[in-house]
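Spelled out from the first residue to the last, the chains are:
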Amino acid sequence: MMTRRLTRPEACPSDFAFDRQIAGELGGEEKSAFEAHVSTCERCTQRLEELSQEKEAFRKDSPALVLRAMSGRRRAMPWPWLAGAVAMAAGVILFVRGRERGAGDYVGVKGTPGVQLLVHREEETHIWDGRSPVHPGDGLALRVACEGLGHVVVAAPEGARWQRLSDSACPQTEDLLPFTLIVDSQPGDEKLAVVLSQDELDDKRLQKAIVEAERTKGVWVVDFLLPKETGTHR
Amino acid sequence: VHARAIESLYLAHGHIVLRRARGLLGSEEDARDVVQEVFASLVDQPAQFRGESSMTTWLYAATTHACLNRLRNQRTRTRLLLERPPAPADGPPRAESAAILKDLFTRIPEELAQAAVYYYADEMTHDEIATVLGCSRRHVGNLLERLRTHVERQEASP
Chain W
3 MMTRRLTRPE
13 ACPSDFAFDR
23 QIAGELGGEE
33 KSAFEAHVST
43 CERCTQRLEE
53 LSQEKEAFRK
63 DSPALVLRAM
73 SGRRRAMPWP
83 WLAGAVAMAA
93 GVILFVRGRE
103 RGAGDYVGVK
113 GTPGVQLLVH
123 REEETHIWDG
133 RSPVHPGDGL
143 ALRVACEGLG
153 HVVVAAPEGA
163 RWQRLSDSAC
173 PQTEDLLPFT
183 LIVDSQPGDE
193 KLAVVLSQDE
203 LDDKRLQKAI
213 VEAERTKGVW
223 VVDFLLPKET
233 GTHR
Chain S
509 VHARAIESLY
519 LAHGHIVLRR
529 ARGLLGSEED
539 ARDVVQEVFA
549 SLVDQPAQFR
559 GESSMTTWLY
569 AATTHACLNR
579 LRNQRTRTRL
589 LLERPPAPAD
599 GPPRAESAAI
609 LKDLFTRIPE
619 ELAQAAVYYY
629 ADEMTHDEIA
639 TVLGCSRRHV
649 GNLLERLRTH
659 VERQEASP
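Heads up: the protein sequence lines correspond to chains W and S, in order.
Heads up, the first sequence is in this note's numbering, so the first residue is 3 and it goes up one at a time.
Heads up, the second sequence is in this note's numbering, so the first residue is 509 and it goes up one at a time.
Simulated from the structure, these hints should not be mistaken for lab results.
All C-beta atoms in this analysis are idealised placements derived from N, C-alpha and C, irrespective of residue type, glycine included.
Be aware that a few hints might be false.
[As the list claims (entries may be wrong)] Reference listing, derived: stretches of chain W covered by chain S, where coverage requires no fewer than 3 residues with Cβ under 8 Å from a Cβ of chain S:
id: 1; stretch: 8-14
id: 2; stretch: 136-149
id: 3; stretch: 152-160
[Said to hold, decoys possible] Just a sample of chain W residues kept apart from chain S, beta carbon distances all over 10 Å, derived:
id: 4; residue: Ala38
id: 5; residue: Glu124
id: 6; residue: Arg133
id: 7; residue: Asp177
id: 8; residue: Asp205
id: 9; residue: Lys206
id: 10; residue: Arg217
id: 11; residue: Pro229
[Unchecked claim] Distance windows between CB atoms, simulated:
id: 12; chain 1: W; residue 1: Glu32; chain 2: S; residue 2: Arg646; range: 57 to 65 Å
id: 13; chain 1: W; residue 1: Thr175; chain 2: S; residue 2: Gly649; range: 52 to 60 Å
id: 14; chain 1: S; residue 1: Gly649; chain 2: W; residue 2: Gln209; range: 52 to 60 Å
id: 15; chain 1: S; residue 1: Glu560; chain 2: W; residue 2: Gln55; range: 53 to 61 Å
id: 16; chain 1: S; residue 1: Arg646; chain 2: W; residue 2: Glu160; range: 47 to 55 Å
id: 17; chain 1: S; residue 1: Asp635; chain 2: W; residue 2: Glu202; range: 21 to 29 Å
id: 18; chain 1: W; residue 1: His128; chain 2: S; residue 2: Glu536; range: 33 to 41 Å
Could you build the full structure based on these sequences and the hints that come with them?
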């Protein structure tokens, strides 16, 4: 058989072992042996650092990665599938009834950030009018105009706090965010907030911005409250 | 597995899938598609991961399966092999791994192809291959022996 030429010394662990160690899955003697080796091996100390950094980089980049991937799938997959998959991947649960602000706040006034909500139902997509109810199974897409702001967070309430559903860089130009939310069948009004900001917001800052519906030079919040009909409508 | 749990798994382990898919496919775009495919399949069918192995182990197997499926697609395979840069003489055995995959993955059973990936591309030990395949170390030895037979037969053919 062709000789296997290892890229590492025979005594050094494979990446599989590194991955398990970083994931906290090594235990007992395996873990002890791994740590004993790494503590005396410059190559493995470096490899452990590389893979740990790779993990952190992925965590930081992951929302965009997942959404890009889902967006790419949109070309090949029917809309409902896409919507369902994205919603589940994001753990999304949705919404109900419009406020005065919200969908009406479109995107369009030059220099002013804005967000537009699009509703996809039965192969048709229309701009939400700020009043009409959504139905279970509807897909919701967001078009944002960041007007120089750098980050966009989409959040939904979970208990007393707002939970990030997506956190990514703003599109350079007015554009759809590359994911779709799916309306669930739970009764009751629910909310969605889109927070455009100059800088990344930590959780405390995000909660405050949404609660205060902040609209300043550096933070711009648009929230939606959508009515939802869960009866037979189709 | 709840959707939120899958999201957490994605954040904690997605980098592993991306790195391995990138290494096996030689294409960033295809690798990102595999990441999506692996986690989307977990969303669709959470029962796939039954907790009988560690998450890392399961993801290694799922990634290998997804990559081999892609590599078996003739068009993708041809393109990937053309795009894959030749390895330096004293460098990592990427070219050798690619050659093995090129010659074997359409001709050998899935399990054998997986063993080839773990042995050559991932450079795993027999014990580790046994863990990921969910078989005995002895079975891994048998698989690699069968692999040897395939390669030798192939090398002997004109």
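Verification of the supplied hints:
Counting residues of the stretch 8-14 of chain W whose beta carbon lies closer than 8 Å to any beta carbon of chain S gives 3, which meets the minimum of three for the stated coverage. With a threshold of 8 Å between beta carbons, the proposed coverage of the stretch 136-149 of chain W by chain S is violated, since 0 of its residues qualify and at least three are required. Figure legend: the stretch 152-160 of chain W, annotated as covered by chain S; annotation inconsistent (0 residues with Cβ-Cβ distances under 8 Å, at least 3 required). Separation of Ala38 of chain W from chain S is adequate, the least Cβ-Cβ distance of about 17 Å exceeding the 10 Å criterion.
Every CB of chain S lies more than 10 Å from the CB of Glu124 of chain W, the least distance being 23 Å, so the non-interface label holds. The non-interface label for Arg133 of chain W is consistent with chain S: the shortest C-beta to C-beta separation is roughly 30 Å, beyond 10 Å. For Asp177 of chain W, the requirement that its beta carbon stay farther than 10 Å from each beta carbon of chain S is met, with the minimum near 19 Å. Residue placement check: Asp205 of chain W keeps its beta carbon more than 10 Å from all beta carbons of chain S (closest about 16 Å).
With a least beta-carbon separation of about 21 Å from chain S, Lys206 of chain W lies farther than 10 Å from that chain, consistent with its non-interface assignment. Every beta carbon of chain S lies more than 10 Å from that of Arg217 of chain W, the smallest distance being close to 30 Å; the non-interface claim holds. Listed as a non-interface residue, Pro229 of chain W keeps its Cβ farther than 10 Å from every Cβ of chain S; the least gap is roughly 25 Å. At roughly 20 Å, the beta carbons of Glu32 of chain W and Arg646 of chain S sit outside the given window of 57 to 65 Å.
Against the hinted window of 52 to 60 Å, the Cβ-Cβ separation of Thr175 of chain W and Gly649 of chain S comes to about 58 Å, which satisfies the hint. Hint check: Gly649 of chain S to Gln209 of chain W, Cβ distance near 57 Å, so the stated range 52 to 60 Å holds. Taking 53 to 61 Å as the suggested C-beta distance range, the pair Glu560 of chain S and Gln55 of chain W does not conform, at roughly 31 Å. The supplied range of 47 to 55 Å is met by Arg646 of chain S and Glu160 of chain W, whose beta-carbon atoms lie about 50 Å from each other.
One distance hint, 21 to 29 Å for the beta-carbon pair Asp635 of chain S and Glu202 of chain W, is violated here, with the actual separation near 43 Å. With their beta carbons about 36 Å apart, His128 of chain W and Glu536 of chain S fall inside the hinted range of 33 to 41 Å.
Checked against the numbered hints given earlier, the structure breaks hints 2, 3, 12, 15 and 17 and satisfies all the rest.
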